[in-house]
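Let chain A serve as the given structure and place chains B, C and D on it in line with the hints.
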Amino acid sequence: MTIRVQIQDFDAGFEISKLRLARPDVGAVVSFVGQVRDLNEGNMVAALTLEHYPGMTEKSLEAIVTQAKSRWNIMDATIIHRVGTLNPLDQIVLVAVSSAHRGEAFNACEFIMDYLKTEAPFWKKETTDEGEQWLDAKETDETARNRWKK
Amino acid sequence: MTIRVQIQDFDAGFEISKLRLARPDVGAVVSFVGQVRDLNEGNMVAALTLEHYPGMTEKSLEAIVTQAKSRWNIMDATIIHRVGTLNPLDQIVLVAVSSAHRGEAFNACEFIMDYLKTEAPFWKKETTDEGEQWLDAKETDETARNRWKK
Amino acid sequence: MKIKIFYFARLKETLKFSTEDLELPDEALSILKLKALLAQRSDTWHEMLMGKLKVRGAINHELVDDFAEIHDGDEVAFFPPVTGG
Amino acid sequence: MKIKIFYFARLKETLKFSTEDLELPDEALSILKLKALLAQRSDTWHEMLMGKLKVRGAINHELVDDFAEIHDGDEVAFFPPVTGG
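Residue numbers (numbering that gives the first Met the number 0), protein chains in the order written: chain A, 0 to 149; chain B, 0 to 149; chain C, 0 to 84; chain D, 0 to 84.
Source of the hints: derived by calculation from the structure; they are not laboratory data.
Treat the hints with care, as some may be off.
[Claimed, not checked] Computed spacing ranges between beta-carbons, pair by pair: (1) 141/B with 65/A: 47 to 55 angstroms; (2) 13/B with 61/A: 46 to 54 angstroms; (3) 59/D with 138/B: 27 to 35 angstroms; (4) 22/A with 50/D: 49 to 57 angstroms; (5) 45/A with 66/B: 34 to 42 angstroms; (6) 65/A with 16/D: 52 to 60 angstroms; (7) 83/B with 22/A: 19 to 27 angstroms.
[Said to hold, decoys possible] Distance condition first, Cα-Cα at most 27 angstroms in a straight line; then the derived DSS-like pairs of lysine-lysine: (8) 137/B with 124/B; (9) 1/C with 124/B; (10) 148/A with 148/B; (11) 58/B with 11/C; (12) 32/C with 58/B; (13) 53/D with 137/A; (14) 51/D with 3/D; (15) 32/D with 1/D; (16) 58/A with 53/D; (17) 149/B with 11/C; (18) 124/B with 34/C; (19) 53/D with 11/D; (20) 124/B with 3/C; (21) 32/D with 15/D; (22) 53/C with 32/C; (23) 11/D with 58/A; (24) 124/A with 1/D; (25) 68/A with 1/D; (26) 51/C with 124/B; (27) 137/B with 1/C; (28) 148/A with 68/A; (29) 149/B with 137/B; (30) 1/D with 58/A; (31) 34/D with 1/D; (32) 32/D with 58/A.
From the three backbone atoms N, C-alpha and C, an ideal C-beta is built for every residue, glycine too.
Bound-form chain A, shown alone:
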């Protein structure tokens, strides 16, 4: 498993290829790329600053991948999450999962994103015309995560 929390950008295509070519029994790689949107709840976003809890972040992401591996027959997973100050159209996060068959990779990738959103210690502060403000956690993310608890 590859877990990286970093300031610099990443190359999603390269990471997907790495997972894909690592094993000739990989049949599918499902990935998620998140980017900074220019509008959030009606405000023009100039920048987004991401803070995290070094040490705990990596540990919680590893735990999420381990949980995904215990639920689905996947081969490997890569998570790269950026921190620091980002601008609209910047990439924030990549989650990529490899497996023999597509269904497992789709489920595991979405599961990892839903848990990352609700359990990994990252916080976003938005800079708009109105100034700076910390973003609140969304109830929809909580709901998305709880689907997996059934």
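Chains B, C and D only, in chain A's frame:
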């Protein structure tokens, strides 16, 4: 929407970036990359030859994307499917979907793959030590597709 | 009526036909009737079109069932269940 | 016992504290008790830790609930609900 059926390889990272950067309100790109596995049902695969029905293939892929767009609030989708003779570790197919929020993109991407597998006119012929043989459609693909009919 | 027929994958290979133009006395006929007609050509044709392969039919690039009607100028295709992706 | 506490995001900014080392007479105490203790520092501390922010606690990099026990040498953290991804 971008639909391509081609012999040459593709750059998944480039296609994902294109969808991502096309609009500053894109928040998520979910993608699927399929590759040729070295083993299929216990046989070492030397090559996989993909045949398709020119004209109908593109039309059926477009219809699948249109259906996905009517079901989920997605922004755009790209499908690239290769034809001709491929070898293990070669990419076969890319499906990438952009949306504001991740749930819609995950659903639409998986929906497109499940329909592509069961409705788009592609056929695979496998070359192994045992010789050549056309692959049979899998019941699991039919089952995956039928989940969406509920 | 005149129609064009395409065959794909296992059908094309076994029947050694990829496409043919056909002139028929009928003004219209169902996919099932066309299959039955073609199946008379030989045991191989019969097996391919009426056998356990579960051949699928398309008219003008649209998947159809056995009861769909074929009309003059249509492009018909027969192929096994699809296996792409 | 001696513990280390980290504060993140809105808490860090409002409390103007990112980390502190604390020596306490207790041998062990719950997250809830530690919050109550820190909340006595000022109204701002009270609001941040006991208010409507729904602050979450972690011990040694593990998310915990209010009843989790803190022991000597532990690294404790307080932060608002997470918003990554």
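Each hint tested on the structure:
| no. | hint | verdict |
| --- | --- | --- |
| 1 | 141/B with 65/A: 47 to 55 angstroms | violated (33 angstroms) |
| 2 | 13/B with 61/A: 46 to 54 angstroms | violated (30 angstroms) |
| 3 | 59/D with 138/B: 27 to 35 angstroms | violated (49 angstroms) |
| 4 | 22/A with 50/D: 49 to 57 angstroms | holds (50 angstroms) |
| 5 | 45/A with 66/B: 34 to 42 angstroms | holds (38 angstroms) |
| 6 | 65/A with 16/D: 52 to 60 angstroms | violated (33 angstroms) |
| 7 | 83/B with 22/A: 19 to 27 angstroms | holds (24 angstroms) |
| 8 | 137/B with 124/B | holds (14 angstroms) |
| 9 | 1/C with 124/B | violated (32 angstroms) |
| 10 | 148/A with 148/B | holds (24 angstroms) |
| 11 | 58/B with 11/C | holds (21 angstroms) |
| 12 | 32/C with 58/B | holds (26 angstroms) |
| 13 | 53/D with 137/A | holds (13 angstroms) |
| 14 | 51/D with 3/D | holds (24 angstroms) |
| 15 | 32/D with 1/D | holds (15 angstroms) |
| 16 | 58/A with 53/D | holds (22 angstroms) |
| 17 | 149/B with 11/C | violated (36 angstroms) |
| 18 | 124/B with 34/C | holds (24 angstroms) |
| 19 | 53/D with 11/D | holds (15 angstroms) |
| 20 | 124/B with 3/C | holds (25 angstroms) |
| 21 | 32/D with 15/D | holds (21 angstroms) |
| 22 | 53/C with 32/C | holds (15 angstroms) |
| 23 | 11/D with 58/A | holds (21 angstroms) |
| 24 | 124/A with 1/D | violated (32 angstroms) |
| 25 | 68/A with 1/D | violated (37 angstroms) |
| 26 | 51/C with 124/B | holds (19 angstroms) |
| 27 | 137/B with 1/C | violated (35 angstroms) |
| 28 | 148/A with 68/A | holds (15 angstroms) |
| 29 | 149/B with 137/B | holds (20 angstroms) |
| 30 | 1/D with 58/A | holds (24 angstroms) |
| 31 | 34/D with 1/D | holds (16 angstroms) |
| 32 | 32/D with 58/A | holds (26 angstroms) |
Comparing the model with each numbered hint stated earlier shows that hints 1, 2, 3, 6, 9, 17, 24, 25, 27 do not hold.
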